[in-house]
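Asks: Since the structure of chain S is already known, use the hints to place chain U on it.
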Amino acid sequence: MSFSALPETDFFGRGEELAGLSRRVLRADKDVAQSAVLSGPLGIGKTELLKQLFGYLFWRQDRVVPFYYTVNSALLSAAAFSKDYLTRYLCQRLAFEKKEQSLFYLEGLSIDGLSALVEEREAVWAREILDRFIRSSGDPLDAMRVAVSAPYQSALATGMPAAVLIDEFHRLKDLHIGDTRDPRLVSLFEAPMSFRKTPHIITGSAAEIHEMPVSRGLERVSVPPLGPEDAASRALSLFRASEAGGTAPLHVLSRLGGNPFYIACVLRRACEKKDPSEIDFRKAYAREVLEGPLALSWSSVLKSHFPGPGLRRIALTLAHKIHHTNEPLSCQRIAKSLSLTDDQAEATAHALHLAGFVRGEFGVFRAVEDGVLRDVIDFLYRRELLGKSSHDLEEELLNNLLPEKEGVVRFDMILPMVKEAELVAAQCLDQIGKNLNLNQDAVGQLQIAVIEACINAIEHGKGTEKKIYVSVASDGDRLEVSIESAGREFVVQESGEPFGDREGIKAPGRGWGIKLMKRFVDEVRFEKTARGMKTVLVKNLAKTAGVQKEDRTGRE
Amino acid sequence: MMPRGYINDLGAERLEQTSEQFLGKGTKKLVVNFTDVQYINTIGVSIFTGIVQKALDYNSQLCFTNMKKVHREVFEMVGLIKHVKVFKDEEAALTYLNERGRHDE
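Protein chains in written order, with our numbering: chain S, 1 to 556; chain U, 1 to 105.
If you're looking for bench data, these hints aren't it; they were derived computationally from the structure. Note that the coordinates shown come from a computational prediction; the quantities given were computed from them, not determined experimentally. Some hints could be false.
As the list claims (entries may be wrong) - Quick list of in silico lysine-lysine cross-link-like pairs, PhoX-like style, CA-CA up to 25 Å:
#, chain 1, residue 1, chain 2, residue 2
1, U, 85, S, 515
2, U, 69, S, 434
3, S, 434, U, 68
4, S, 515, S, 419
5, U, 82, S, 515
Excised from the complex, chain S in its bound form:
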């Protein structure tokens, strides 16, 4: 197999997609094939799928000629692209006849060299196409028309359909004549794409392709993430390839969301050690998010859409906001919350959508379901805009990736910021205490602390997201409750005491709340989070049980 594709044995979880695409293009010999765009986030494996499809079509059948082409950013003048596209097509078309792999690698072949090759093979149809190309070489638009319709023309002349597989198709939006980008150029693909004997399967940024003039005739084929078993198999094959021992921890693997590129980045880094341990995998993940090929790939996408530092700051702020808001945001809301004009908000959000950082549908924007991307955005935002040190952020990532302790029972709830919402949390805690057979006194004390923490969250809540996120976790020894909201800080981080000059604590009784929390639980933490503020209350149940036991003994 050429083009650096994976060995078939290491290509996991894509059997269905590969079979579907093969069936699609093989229908070309019955004149019913339809062109398609492969859609999926960065790293999901669209390119690999296309390469595997090419390999299958090249070696395992004789009905449809496969042509594989990767759009090169350095060859986007109409003249350069046309020559490269036509040369590669003719070479691969000739290679297919006798399955000659060596013809793939004729890099930098001149038109004269190509003519000689065509003469040698006595390919009359190719000679005609080449002659037409040479005659039209004075007009870049005409030359390009000849090049992109070469598969179509060869199919007409020989009766042999061609499957055109183009990777990074979105780059063609930058096709130009002289220094001027010309949208007419990419629209030249429209006719050959609609021809049923030359199905085109293209990949690249689906959002950008969607805005190109060719998108009308393309069916969208989604490439989903790998399932857990296929992700584990992919990880195992990477282990074998690097001759490392052990297995990838499930909590790290699941964080990678079945994205083959993420899996490869983290596994390769972890396997730099011979027998990587659990912490080595977490470190590998953190390093990849901070500075590895994984981070670089997202950074370069961001840079290409937001080249200047000012735009980049706005983009990161917006991406961060969208990824930490649980509902879609309209441009008006974005403009208001980031103090932008409607046009600025629209342009930034739209560019983030094209870059794959957010989803944009029906005039609203929401986060893409990609925890790794969220970590990358968090890191960039907090380092570049909040000035946090990479070291601190790496430590945070390492801790966030810690596996959940076995036997932990967890309850999550979202409360609206309405009057007495705190009682819902308190009541839930009561029921959770009963379900888990927890010490009632401890639960009672924790209820008082939770009520105060929720009141603080409501009092200090800001922004448009009027919600409180309450999480209760117990492992039998500890009961931990976190109360998070989009609130401003209400304590001095160093001392843990409430700010003295805030409106909130001037109200009767306020200011006692934090003292009360500290009295009734064993640990109170206030954390500044991406969402806002989080209060974490920890009650050691073993200790409470011990005290109760002592109390009873004393009374007896």
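Replies: Showing chain U alone in chain S's frame:
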């Protein structure tokens, strides 16, 4: 007086108004029964501070009964307990208040 449910701003304010009415009419003995109090927050507690202060101003005796352990701890923390008498139940509070009444006579 028997407050119920959640002692927050509204609940405690109602209690404050009721206690003021009694104190204003010359009542010298007030018993607050916490049996039906489910939750209490610091806003509610702060209003209780006002009730205690008024009872002291009117030279009346304020008793709390049937308190859950955790509620008693809340009042201890804010320093209110030293100004009130706490009893296991109403009967104990009334016995104390009657005996004290006789003693005062």
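Asks: Does each hint fit the structure? Answer for all of them.
Replies: Here is what the structure says about each hint:
Restraint check: the Cα-Cα separation between residue 85(U) and residue 515(S) comes to about 24 Å, which is no more than 25 Å; the hinted pair holds. Of the supplied pair hints, the one linking residue 69(U) and residue 434(S) holds, its CA atoms being roughly 18 Å apart against a limit of 25 Å. Restraint check for residue 434(S) and residue 68(U): the C-alpha separation of about 18 Å stays at or below 25 Å, so the hint holds. Restraint check for residue 515(S) and residue 419(S): satisfied, since their Cα atoms lie roughly 22 Å apart, inside the 25 Å limit.
A C-alpha spacing of about 19 Å is found between residue 82(U) and residue 515(S), which places the hinted pair at or below 25 Å, so the restraint holds.
In summary, this structure violates none of the numbered hints.
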